[in-house]
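All chains, full assembly: derive it from the sequences and hints.
For the protein sequence lines, the chains are A and B, in the order given.
Just so we're aligned, residue 1 is where the first sequence starts under full-length UniProt numbering, counting upward by one.
Just so we're aligned, residue 1 is where the second sequence starts under full-length UniProt numbering, counting upward by one.
Don't read these hints as lab results, they were simulated from the structure.
Where hints are given, some of them may not hold.
[As the list claims (entries may be wrong)] Subject to a maximum C-alpha distance of 27 angstroms in a straight line, what follows is the list of computed BS3-like cross-link-like pairs (lysine-lysine):
{"hint": "1", "chain 1": "A", "residue 1": "LYS176", "chain 2": "B", "residue 2": "LYS108"}
{"hint": "2", "chain 1": "B", "residue 1": "LYS122", "chain 2": "B", "residue 2": "LYS153"}
{"hint": "3", "chain 1": "B", "residue 1": "LYS128", "chain 2": "B", "residue 2": "LYS113"}
{"hint": "4", "chain 1": "B", "residue 1": "LYS108", "chain 2": "B", "residue 2": "LYS128"}
{"hint": "5", "chain 1": "B", "residue 1": "LYS213", "chain 2": "B", "residue 2": "LYS239"}
{"hint": "6", "chain 1": "B", "residue 1": "LYS128", "chain 2": "A", "residue 2": "LYS162"}
{"hint": "7", "chain 1": "B", "residue 1": "LYS113", "chain 2": "A", "residue 2": "LYS176"}
{"hint": "8", "chain 1": "B", "residue 1": "LYS153", "chain 2": "B", "residue 2": "LYS97"}
{"hint": "9", "chain 1": "B", "residue 1": "LYS153", "chain 2": "B", "residue 2": "LYS213"}
{"hint": "10", "chain 1": "B", "residue 1": "LYS122", "chain 2": "B", "residue 2": "LYS108"}
{"hint": "11", "chain 1": "B", "residue 1": "LYS216", "chain 2": "B", "residue 2": "LYS153"}
{"hint": "12", "chain 1": "B", "residue 1": "LYS227", "chain 2": "B", "residue 2": "LYS122"}
{"hint": "13", "chain 1": "B", "residue 1": "LYS122", "chain 2": "B", "residue 2": "LYS184"}
{"hint": "14", "chain 1": "B", "residue 1": "LYS184", "chain 2": "B", "residue 2": "LYS227"}
{"hint": "15", "chain 1": "A", "residue 1": "LYS142", "chain 2": "A", "residue 2": "LYS104"}
{"hint": "16", "chain 1": "A", "residue 1": "LYS162", "chain 2": "B", "residue 2": "LYS97"}
{"hint": "17", "chain 1": "B", "residue 1": "LYS108", "chain 2": "B", "residue 2": "LYS153"}
{"hint": "18", "chain 1": "B", "residue 1": "LYS153", "chain 2": "A", "residue 2": "LYS176"}
{"hint": "19", "chain 1": "B", "residue 1": "LYS128", "chain 2": "A", "residue 2": "LYS176"}
{"hint": "20", "chain 1": "A", "residue 1": "LYS176", "chain 2": "B", "residue 2": "LYS97"}
{"hint": "21", "chain 1": "B", "residue 1": "LYS153", "chain 2": "A", "residue 2": "LYS162"}
{"hint": "22", "chain 1": "B", "residue 1": "LYS228", "chain 2": "B", "residue 2": "LYS239"}
{"hint": "23", "chain 1": "B", "residue 1": "LYS228", "chain 2": "B", "residue 2": "LYS122"}
{"hint": "24", "chain 1": "B", "residue 1": "LYS108", "chain 2": "B", "residue 2": "LYS97"}
[What the hints assert, rightly or not] Derived coverage of chain B by chain A (criterion: at least 3 residues anywhere in the stretch with Cβ under 8 angstroms from a Cβ of chain A; other residues may be distant):
{"hint": "25", "stretch": "68-80"}
{"hint": "26", "stretch": "84-93"}
[What the hints assert, rightly or not] Among chain A residues calculated to face chain B with C-beta under 10 angstroms, some are:
{"hint": "27", "residue": "ASP160"}
{"hint": "28", "residue": "LEU163"}
{"hint": "29", "residue": "VAL166"}
{"hint": "30", "residue": "SER167"}
{"hint": "31", "residue": "VAL169"}
{"hint": "32", "residue": "LYS176"}
{"hint": "33", "residue": "LEU181"}
{"hint": "34", "residue": "PRO184"}
{"hint": "35", "residue": "TRP261"}
Using N, Cα and C, we set each Cβ at its ideal position, and we do this for glycine too.
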Amino acid sequence: MTNQAMAVRTSGRPGKVTTLGLGLLLPGTVLILWQTLGHYGEISEMLFPTPYTIAESFVTLAASGDLWPNFRISLVRALSGFLLGGGLGLLLGILVGLFRRSEKLLDPSLQMIRMIPSLAVVPLFILWFGIGEESKVLLIAKGAFFPLYINTFMGIRGVDNKLFEVSRVLGFSPIKQVVRLVLPAALPNIILGVRLSLGLSWLGLVVAELIASTSGIGYMMSDARQFADTPVVFVGIIIFAIAGLVSDSIVRYIERRLLRWQDNYRG
Amino acid sequence: MEEALLSISNLNKRFESTGGHVQALYNVDLHVQEGEFITVIGPSGCGKSTLLRIVAGLDNGYTGSVTLGGTEIGGPGIDKGFIFQEHRLFPWLTVEKNIASDLPLGNKEIRRKVDELINLVKLNGFEKSYPRELSGGMAQRVAIARALLRNPKILLLDEPFGALDAFTRAHMQTVLLDIWRANKTTMIFVTHDIDEAVFLGNRVVILEPRPGKIRKIVPVDLPYPRKKTTSSFQELRLKVLNYFEKVDELELIDGAGI
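Structural data, given as structure tokens:
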């Protein structure tokens, strides 16, 4: 408690212990309630296996060696989809943001593609690319493309014109203008785009793996559903939740490092 | 007469808008010698900022001629340093990187010059600070150092101390005069503060609005460093103020018709 008191005194903001405590309060309460109700048979063990049963199932899966290869293949899919879609989104976002002509050329078509639901193109992707890795990675890439594209575009268009004037007075070359002015100024938006794209990559992964797959966490889950092995479904959900949280935390850590210069309200 | 560094001849500039046009500058003639410190003063809307922006190459579409070192102003460039009213530093760069901006700090020569300038504008110890950590006066000093690093032929300052409090402003005026005497950079300084104009300039250019034109150029032959409390300073200040009041009266008559 002294830790907490000190943190409060020095910064006037919640300390680390308090923050962690606040974050764990809600899930902790739910878990305890869940376990207790399940233990006394108040809720169906079939639909809501207790946290303890789920943990047991997790250990069994990990010990049997089923979990890790499935997780690895899912991770590879999500990351390659993210890198492909997000990378393209960043590139086209820069292009469209910088040049009005490329905006006129590309943006309407891209907005059209954006409006097509991912699920609607699944049959087409399977017809074109089969149920191999290509169709999954492309499906994830489609989802990851747009947040980065739109946010990069918006970030570039939001660069303060006054700073452009400065770059002209200081005689920046066009390349320096992009590298030293446009990209750093758009960075807060670009990082937001990265976070949203990463989230959508995990989302796309689940869609892809639940529909047509013979490996991965999503496959493990749909397989378990057929055998009514509810704890395994819960294990899958928890793994996705944790993977999403970890990847988001990594980006947020990078964001804090890169955007130290920002002078914004911090709550 | 010696060839002027900056020659402005018969300069006219109009802004077209939907409701007609505004004559921002009308037949402006001004010749600035190398090493001179010119202050430009006038009420708002007299075109003083427009004049400065044309010299900087930021505004065009004028008629007449503006030459720097014998060549017509083509566009903005590092031979014309420009200080804006706001500091306009890059918020993501530290003080030293802001001064260097597009030039590599790894280069020994640039590193040495940047350190020298940090010394000159008295920002030692703040090299690694970000703009948000600086006061208004400090940030403006960084902006001045950033312009000076490029060795401009002329430094154009557009009400650079307008947003500062009176004490910081007086301090910045002294700092700027020190820089001017150390570097002998030619300066054009736009302000709406009569004290500031008389304190800094070799000559004070008084502009009047609608259409923006030069009313009078008042030479200030007081030795530097000047003291604002001396009677000779006050005399000159009154002289400038007198021209100003005539401008004001005109404006009042103008305004009465509306």
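Results of checking the hints against the structure:
Between the alpha carbons of LYS176 of chain A and LYS108 of chain B the distance comes to roughly 20 angstroms, so the proposed pair stays at or under 27 angstroms and holds. Simply put, LYS122 of chain B and LYS153 of chain B have alpha-carbon atoms about 23 angstroms apart, close enough for the 27 angstroms limit, and the pair holds. Between LYS128 of chain B and LYS113 of chain B, the direct Cα distance comes to roughly 16 angstroms. Compliance with the 27 angstroms bound is thereby established for this hinted pair. Restraint check for LYS108 of chain B and LYS128 of chain B: satisfied, since their Cα atoms lie roughly 18 angstroms apart, inside the 27 angstroms limit.
At most 27 angstroms may separate the alpha-carbon atoms for a hinted pair to count; LYS213 of chain B and LYS239 of chain B meet this at roughly 19 angstroms. About 24 angstroms separates the Cα atoms of LYS128 of chain B and LYS162 of chain A, which keeps this hinted pair within 27 angstroms; it holds. With a CA separation close to 21 angstroms, the supplied pair LYS113 of chain B and LYS176 of chain A stays within the 27 angstroms bound. The suggested pairing of LYS153 of chain B with LYS97 of chain B holds, with an alpha-carbon distance near 23 angstroms, which does not exceed 27 angstroms.
For a cut-off of 27 angstroms, the pair hint linking LYS153 of chain B to LYS213 of chain B stands: about 25 angstroms separates their Cα positions. Distance hint between LYS122 of chain B and LYS108 of chain B is fulfilled; the C-alpha atoms sit about 21 angstroms from each other, no more than 27 angstroms. Distance hint between LYS216 of chain B and LYS153 of chain B is fulfilled; the C-alpha atoms sit about 25 angstroms from each other, no more than 27 angstroms. At roughly 22 angstroms between alpha-carbon atoms, LYS227 of chain B and LYS122 of chain B fall within 27 angstroms of each other, so this suggested pair holds.
Proximity of LYS122 of chain B to LYS184 of chain B is assessed by CA-CA distance (about 18 angstroms); at most 27 angstroms being required, the pair is judged to hold. Annotation: proposed proximity of LYS184 of chain B to LYS227 of chain B holds, straight-line Cα distance about 21 angstroms (limit 27 angstroms). Using a Cα cut-off of 27 angstroms, the hinted pair LYS142 of chain A and LYS104 of chain A holds, with the two alpha carbons roughly 21 angstroms apart. For the given pair, LYS162 of chain A sits about 19 angstroms from LYS97 of chain B by alpha-carbon distance, which is consistent with the 27 angstroms threshold.
Between LYS108 of chain B and LYS153 of chain B the alpha-carbon distance is near 23 angstroms, which keeps this suggested pair within the 27 angstroms criterion. At most 27 angstroms may separate the alpha-carbon atoms for a hinted pair to count; LYS153 of chain B and LYS176 of chain A meet this at roughly 23 angstroms. Restraint check: the Cα-Cα separation between LYS128 of chain B and LYS176 of chain A comes to about 22 angstroms, which is no more than 27 angstroms; the hinted pair holds. Proposed proximity of LYS176 of chain A and LYS97 of chain B is supported: the alpha carbons are some 14 angstroms apart, at most 27 angstroms.
A C-alpha spacing of about 23 angstroms is found between LYS153 of chain B and LYS162 of chain A, which places the hinted pair at or below 27 angstroms, so the restraint holds. Between LYS228 of chain B and LYS239 of chain B the alpha-carbon distance is near 14 angstroms, which keeps this suggested pair within the 27 angstroms criterion. Between the alpha carbons of LYS228 of chain B and LYS122 of chain B the distance comes to roughly 24 angstroms, so the proposed pair stays at or under 27 angstroms and holds. The hinted pair formed by LYS108 of chain B and LYS97 of chain B meets the criterion: a straight-line CA distance of about 14 angstroms does not exceed 27 angstroms.
Only when three residues or more bring their CB closer than 8 angstroms to a CB of chain A does the claim for the stretch 68-80 of chain B stand; here the count is 5, and the claim holds. Taking a C-beta to C-beta cut-off of 8 angstroms, the stretch 84-93 of chain B contributes 7 residues in contact with chain A, enough for the three needed, and the coverage statement holds. Because the smallest distance between the Cβ of ASP160 of chain A and any Cβ of chain B comes to about 9 angstroms, under 10 angstroms, the interface hint for this residue holds. Interface restraint check: LEU163 of chain A against chain B, minimum CB-CB distance 6 angstroms, threshold 10 angstroms, status holds.
Here the hint on VAL166 of chain A is kept, as its CB sits about 5 angstroms from the closest CB of chain B, short of 10 angstroms. With its C-beta approaching chain B no nearer than about 8 angstroms, SER167 of chain A sits inside the 10 angstroms limit, and its interface hint holds. Proximity of VAL169 of chain A to chain B holds as hinted, the smallest CB-CB distance being about 4 angstroms (cut-off 10 angstroms). Restraint check, LYS176 of chain A versus chain B: the minimum CB separation of about 4 angstroms is within 10 angstroms; hint holds.
Restraint check, LEU181 of chain A versus chain B: the minimum CB separation of about 7 angstroms is within 10 angstroms; hint holds. Nearest Cβ of chain B to the Cβ of PRO184 of chain A: about 5 angstroms, under the 10 angstroms cut. The hint holds. Annotation: TRP261 of chain A was flagged as interfacial toward chain B, and the flag holds, the nearest CB pair being 4 angstroms apart, inside 10 angstroms.
Consistency note: the structure conflicts with none of the earlier hints.
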